[in-house]
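Between the sequences and the hints, there should be enough to build the whole structure, so can you do that?
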Amino acid sequence: MLGESVADATGLSRHDAVQIGERMFELIGDALKRGESVKLSGFGTLDVRSRAERIGRNPRTGEEHRIAPHHTVVLIPSARLRDALEPARAATKVQK
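Numbering (this note's numbering), first residue to last: 1 to 96.
Note that these hints are calculated values from the structure, not bench results.
Ranges of calculated distance between the beta carbons of each label pair, as one might list FRET restraints:
(1) 63 to 19: 44 to 50 Å
(2) 11 to 79: 29 to 35 Å
(3) 72 to 16: 28 to 34 Å
(4) 8 to 28: 20 to 26 Å
(5) 33 to 2: 18 to 24 Å
(6) 45 to 9: 21 to 27 Å
(7) 76 to 10: 26 to 32 Å
(8) 75 to 10: 22 to 28 Å
(9) 23 to 86: 31 to 37 Å
(10) 30 to 92: 35 to 41 Å
Ideal placement from N, C-alpha and C gives every residue a C-beta, glycine not left out.
Shown next, in the form of structure tokens:
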């Protein structure tokens, strides 16, 4: 669990670490509800995107159905996260 990992790494109690995490996610959710982007340094940026109405298809039956317009959260990963996930990408980067 993330709360336990944070508690172990910081010396906080598990209870305090979990409360901090829950509050952080509340604040992130509130910002996204307001339409704001949330930058998590070294990890990426969370952003809300609008999805237009479209026609979907049930893969099992082939039946078409309407998918209503909606909002979704996307993560735009930071270069550091992309490099960590793709070591070959990091190895080919030009050093400044």
